[in-house]
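Colleague: Residues per chain are reported as follows:
There are 2 protein chains.
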Amino acid sequence: MGLSGQLVDEITAVVGDRWTTSADELARHGQDESWHLPLPPDLVAYPETTEEVASIVAMCHAAALPVVPFGVGTSLEGGIGAEKGGVCLDLTRMDRILRLSIDDLDVTVQAGVTREQLNADINPRGLMFPVDPGANATIGGMAATGASGTTTVRYGAMPHNVLGLTVVMADGRIVRTGGRARKTSAGYDLTRLFVGSEGTLGVITEVTLRLWPIPEAIAAATCAFDSIDSAVDVVIAATQMALPVARMELLDEAAIEAVNAFDDMDLTVAPTLFFEFHGMTAAVDACADEIQALVTDAGGTFAWAVEAEDRSRLWHARHRAYWAMLAMRPGCKGWPTDVCVPISELAQAIRKAQYDLEESNLSAPLVGHVGDGNFHLCYIIDPNDADEFARAEAHYERMIARALAVGGTCTGEHGIGAGKRDFLRREHPEGIDVMLAIKAALDPTTTLNPGKVV
Amino acid sequence: MGLSGQLVDEITAVVGDRWTTSADELARHGQDESWHLPLPPDLVAYPETTEEVASIVAMCHAAALPVVPFGVGTSLEGGIGAEKGGVCLDLTRMDRILRLSIDDLDVTVQAGVTREQLNADINPRGLMFPVDPGANATIGGMAATGASGTTTVRYGAMPHNVLGLTVVMADGRIVRTGGRARKTSAGYDLTRLFVGSEGTLGVITEVTLRLWPIPEAIAAATCAFDSIDSAVDVVIAATQMALPVARMELLDEAAIEAVNAFDDMDLTVAPTLFFEFHGMTAAVDACADEIQALVTDAGGTFAWAVEAEDRSRLWHARHRAYWAMLAMRPGCKGWPTDVCVPISELAQAIRKAQYDLEESNLSAPLVGHVGDGNFHLCYIIDPNDADEFARAEAHYERMIARALAVGGTCTGEHGIGAGKRDFLRREHPEGIDVMLAIKAALDPTTTLNPGKVV
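Taken in order, these protein sequences are the chains called F and D.
Mapping the first sequence onto numbering that gives the first Met the number 0, position 149 (from 1) lands on 148, and the numbers just tick up by one.
Mapping the second sequence onto numbering that gives the first Met the number 0, position 372 (from 1) lands on 371, and the numbers just tick up by one.
Rather than coming from a laboratory, the hints here were simulated on the basis of the structure.
Incorrect hints may appear among the rest.
Heads up, the list lumps identical chains together, so a pair's fine if it works in one copy or across two of them.
Claimed, not checked - Each computed DMTMM-like pair below joins lysine to aspartate or glutamate, with the alpha-carbon atoms no more than 25 Å apart:
1) K438 - D170
2) K83 - E115
3) K351 - E32
4) K351 - D102
5) K83 - D120
6) K332 - E47
The structure displayed is predicted, hence computed values, not measured ones.
Here chain F stands alone, though its shape is the one from the complex (with noise of 0.2 Å):
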């Protein structure tokens, strides 16, 4: 069935004129940031509850029509394309903090909320949400597709940062998981369940985040290497050390090309870590330390970025990271690859992935959240070269082979989508009809998200 008057009807009973099937909204909201082509749906929906969305979504489910949650569009990997059609909830509108205790370190959003908003809330508070995949996405979508980013190696990712959800069901059922406790050992684990499985087992509508107090120190710096072996080295090192870093990035000469391009930086061009310390300030001071006799012994070089415009200056390029790369080739796309490896493979999957980029004749800058053996190649692509589209699938498939020959995974972060469900089944032979069963007793109509992940 597509959308019929009838349904029309029922939806602006709910939301009122909080829906639109303007040709420049549905194109909107049938696009992410990728390379994938517009998928747009029938209708966007703008729900303000948990109740309007659980609304709307039993009426879909009854008339049997897709329902595509959608944030702020910032998925890699089509995400949030309506391959069938169907109803998007436009989930911007759900932007309130619901509730906030400084004491517990937690706060209660709803889906809609941005990171960079909930920071601006709570920041002055002294408390911080740490998660940063970069952009600023919605707490909803972070949780949907389990981000993680550059303070993960500290902070953790999604997963660890969320202590419940409110999510409505494929038949529009309000459940919640989780709860306020810091721990809990009460039946399966819904929460992580429904968090990184991208709309397709539920609508996450609520997020009850655990919060971080700002540390009392934070010191920064960059440390430029011969080669990348010797940065990964230093990342190893201090892995092992357990030294207490909240940011570890690695960029590499192309990628440092294009910061300093763009964001008219004068970093030496080389293989470069950026760090950033938290905690207090002697811990600080004695983990920088030992961070900086590890860069020293390999052979790099180490700058402190101390005052926090310095820093704050360093962190802003290298989350625009990917539009100085995009700006290199006018005209071109980017796609970010994204695969990760335990830690001691990490040099030689970054070194092959290179040699096989020359083999290829492909241009694709590096960055990687390393603390986590996550790096992502970044391919700048003439849109109208179809041959040069077909190199990059050929070298990511290949990449990500290798990567699963060492026990690494074909997505550190940003998840299946559309976009590699072939590698879903490569990488859990086994385990992907475990996801199909799961997915049959929860959505047994495929109401949710139909066409990604499983």
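Following the hints, position chain D against chain F.
Modeller: Chain D only, in chain F's frame:
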């Protein structure tokens, strides 16, 4: 169907003579460390490999006979009772460490490896596995119950430390989840679905764990306070300052008295916090200084235990608190409770529980992993006094009701087992249907550990 001669022949074909129906062994395998009545299985098998487990599970599945996985029987909620008879899989002969990577700080072990066995192997290499529920449980059992304990405030619980699993499904299929990457977004998080599912969704046979380096410096301290409230104020302040304490344990007067008597200690009889600090020397010193200042401000006393043997004596005594409590009323049985609340609610939760103990004429010393808001009263009950048991039962029910009312959980770490199924329904009235749907999807014939969790 019961245990047939044919099934025994089939099992013999798989494990040879590694099975028994001796009454003693059946009895031992039907009883954990809890107050639950023994429920012996019909047969105990001792498989040595995942493949042997898979074969036996497949045979039992075909014969409609239940399978109950068993580690060393240290569970506290009757998680291993054979409610419907069947085959107990004693996994203690699966005691091999299959792979260790020092560079990656990870290890893969068979499910029957115990926590102490693992640490004995890796400690000399500078690594440790810090999750510490007290008992020398198997890693498989700890994964299956989502164990945590004294170090969770710093290193997280099992869900944070398991990277991947090998699991035998209800029909005997072997599934591998997760992997060796530090993070992954590849599909549904099956690892954390099986962790804490208490053997009801699959039999965990191999576990890949994250390891940690042994810290450069370790120090411990005992701090005595006038009141539980003052102690909890220090816990809240330490949490808000994100002080990197590795352990933060509360014992009330009754628990201190028990420990003093049992382990010949001479601790001041007062509400007491045991602290442990891990990290670089400078960081440990700074952290301990901050704690000392907080303790002094709260009117408490602060005593160092710097020497390794003093520390080890302290934690040994803490770990034996359960037996120490039992020794106070010889012939009595212990019933350890387990609720977890937001930290801001902790002092009141404890105060109300202790007031209610007096009203109910019950004796129950308190220990708590207070950094997580998790505490245990341990009722000391005369097994021949049915009225005392009934009063404890009613007291526990009120304590859980109060915990749920403030956003807490009916179990912070002991799990649901057979004992808390009603409370699980009360805590997750909507979630229970989702859990039941998952159970039905993955174990439609209820082959695995029937009568537990859901």
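Colleague: Compare the structure with each hint and give your call.
Modeller: Hints and how they fare:
1. In this assembly of identical chains, the alpha carbons of K438 and D170 lie at most 25 Å apart whether taken from the same copy (13 Å) or from different copies (19 Å).
2. Taking CA atoms no more than 25 Å apart as the test, K83 paired with E115 passes in neither setting, with 32 Å inside one copy and 53 Å between copies.
3. Taking the shortest Cα distances, K351 and E32 never come within 25 Å of each other, neither inside one copy (27 Å) nor across copies (53 Å).
4. In this homomeric assembly, K351 and D102 come within 25 Å of each other (Cα to Cα) only across copies, at 20 Å, whereas the closest approach inside a single copy is 49 Å.
5. In this assembly of identical chains, K83 and D120 lie within 25 Å of each other by CA distance neither inside one copy nor across copies; the values are 38 Å within and 54 Å between.
6. Taking the shortest alpha-carbon separations for K332 and E47, neither the intra-copy value of 34 Å nor the inter-copy value of 53 Å comes in at or below 25 Å.
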